[in-house]
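> Letter by letter, the chains look like this.
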Amino acid sequence: MELIAQLINGLNLGSIYALIALGYTMVYGIAKMLNFAHGDVIMVGAYTLSVAVSTLYVPVYISIIISMAVCSLLGVLIETIAYKPLRQSSPLTVLITAIGVSYFLESLALLIFGSQQQQVHSVVTVKGFAIGSIEITGESIVTLGTTFIIMVLLTLFIKHTKTGKAMLAVSEDKGAAELMGISVNKTISITFAIGSALAAVAGVLFVSSYGFVGPYTGAMPGIKAFVAAVLGGIGSVPGAMLGGILLGIIESLSKAYISTQLSDAIVFGVLIVVLLVKPSGLLGRKVTDKV
Amino acid sequence: MKKGMKFNVKSLITIVLTILLYAIIYIMIDNDLLSRHFKGLLVSVGVNIILAVSLNLTVGFLGNLTLGHAGFMSVGAYAGCLFTVKMNLPYFIEFPIALIIGGIVAAIFGVIIGVPALRLRGDYLAIVTLAFGEIIRSIFNNLSLIGGAGGLKNISKYTDFTWVYLMIIITILVIANLVKSRHGRAICSIRDNIIASESLGIDVVYHKLLAFVVAAFFAGVAGVLYGHYVGILKPTTFDFNKSIEILVIVVLGGMGSLRGSVISAIIITVLPEVLRSLSDYRMLIYSLVLIAMMLLNASPSFQNFKENVKSGIDAIKIKIAKLFGRSRSEEA
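Heads up: the protein sequence lines correspond to chains H and P, in order.
For the record, in the first sequence the residue sitting at position 180 is 180 according to the working numbering, with numbers rising by one throughout.
For the record, in the second sequence the residue sitting at position 233 is 1233 according to the working numbering, with numbers rising by one throughout.
Pulled out of the complex, with its shape left as it was, chain H reads as follows:
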């Protein structure tokens, strides 16, 4: 019985990781960069929600939309200011710039909101229920439901819309896509906007489940989600979903049955083992070098 409860817990956490990992993976697939600032966008989303709901008294649903809009805008802004001038630079230069952006967002939040973690009331109004001794919270239901819907919509969007296909084309071959009349810059901006909006949703779900937000709230989920994206095969959308959910389940099971303190070590250990067996992640495409 407890196992099932822990599995549900893991699914809850894993769905949040999956949502964040989607942002990492989409940006990586298209811009070939590790956007380390992505984790902090979650934090921005969570703060936006908190301010909108408890200070400005905006209705919950509208504040979620505001939060997504703010994050999308932020994502596009970051891309335009910090990453666009570095398109031709080495990936490492872009990585360091992304880290700079991450520090910037964290210290800005620290200045505005202080180092104290703020209490955030759950935005979820769905009531939980119990099957036998297993209790399922409303937060879990909403998180799982939202993640499922978003994943289906995202898959449909990428497969069937013009913009989605453009994203696939750009990730395949930037030069060829440009020759086909696809605006690479616009596509990259759209990717950042979508990825950041997903991060906002993840932020909202995260604070609803855990009830607090601080300047460094996004850092650890960000790293974990990055691990999830790599575990599933970075650049692959289904891989990010699978990696995120697996990671969440492993984490909550090892917390429950092995050791709370060592759960991080176990999560990262699993990642290393998986990568040693499958060097490009679970669903990643195998890249062969051309001579």
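Worth double-checking, as some hints may not be accurate.
Taking lysine to any residue pairs in the SDA-like style, the calculated list, with each CA pair at most 20 Å apart, reads [what the hints assert, rightly or not]:
id, chain 1, residue 1, chain 2, residue 2
1, P, 1317, P, 1260
2, H, 84, P, 1287
3, H, 32, P, 1141
4, H, 255, P, 1297
5, H, 84, P, 1297
6, P, 1317, P, 1017
7, H, 84, P, 1292
From chain P, some residues computed to sit far from chain H (all C-beta separations above 12 Å) [said to hold, decoys possible]:
id, residue
8, 1166
9, 1277
10, 1283
Rather than coming from a laboratory, the hints here were simulated on the basis of the structure.
As the structure is a prediction and not an experimental result, all values here were calculated from the model.
Beta carbons: idealized from backbone N, C-alpha and C, even for Gly.
Model the placement of chain P on the given structure of chain H, informed by the hints.
Same frame as chain H, but now just chain P:
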């Protein structure tokens, strides 16, 4: 013959300058011209120089992005400091042994992390090294032998400027000579094209491991120096952010440039201290400066400017060398 002479003069100048720099700083410390704060900063700068130069071997020369350099540093630091805490030998026997132990233990971990590096490429390797660093940190957090999350305490404060300076010189000497040697050229060839170097018969496994082991060794030494300076080791010191800080130094200084690593280690370590008076705005300004530096570094006009400065310095150098060379030959 003439070529050999030029080389000698050049290295002579370097040696003289190195000793001179040491003497100047030493005299300043000896006469209390420097504040305590500044003396501490000297040690931090030195530790960061060692870390950056060693990381440059794997990131800049081998071309493998690693995000777990702080992991090697912490392994070495704990090993070396545990030795001095438990052994209680006289200072001049204990400390050099601790430095070597720290280096060797870190080097063993370098082999462990180097093995996955043989199979993984690019960002996948980066994430494995990140995972490695986090695993070490969370294990150290729970190991009671080394104090757990409370930290390893009562470490004798052996580290002073002389030790740090000596270790910097040894690190730079070893790595600069390694890079120039046959092995170093093999390492660079792996970076440039792994398939081509494999087909030329270069032992990729051996050279990759070599780079990882040497880099880890010096990271471990830096860790021991750090531990014996601060007096207490906490697992949280060696987190992901520390690895990133070292990586920032390497990338900013220019990958594959040891001189660049040294210069940017100084800048990156001193910058937050200079900004200390801004208190709350410190990290904000620091991050903005970091972004601005990366953007500036990538802009074409700044690269032209750098080229001009470089050729200017080279011209001056040649003139100095000629001056010395001529006076020498006149003496002879």
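> Now look at each hint and say whether the structure bears it out.
Each hint, compared with the structure:
1. P/1317 - P/1260: Measuring from Cα to Cα gives roughly 18 Å; hence the hint holds.
2. H/84 - P/1287: It holds: about 18 Å lies between the C-alpha atoms, which stays within 20 Å.
3. H/32 - P/1141: Violated, at roughly 34 Å.
4. H/255 - P/1297: 45 Å, violated
5. H/84 - P/1297: 14 Å, holds
6. P/1317 - P/1017: 14 Å, holds
7. H/84 - P/1292: Given pair residue 84 of chain H, residue 1292 of chain P holds - Cα atoms ~13 Å apart, limit 20 Å.
8. 1166: 30 Å, holds
9. 1277: 16 Å, holds
10. 1283: 4 Å, violated
Violated hints, in rising order: 3, 4, 10; the structure is consistent with all others.
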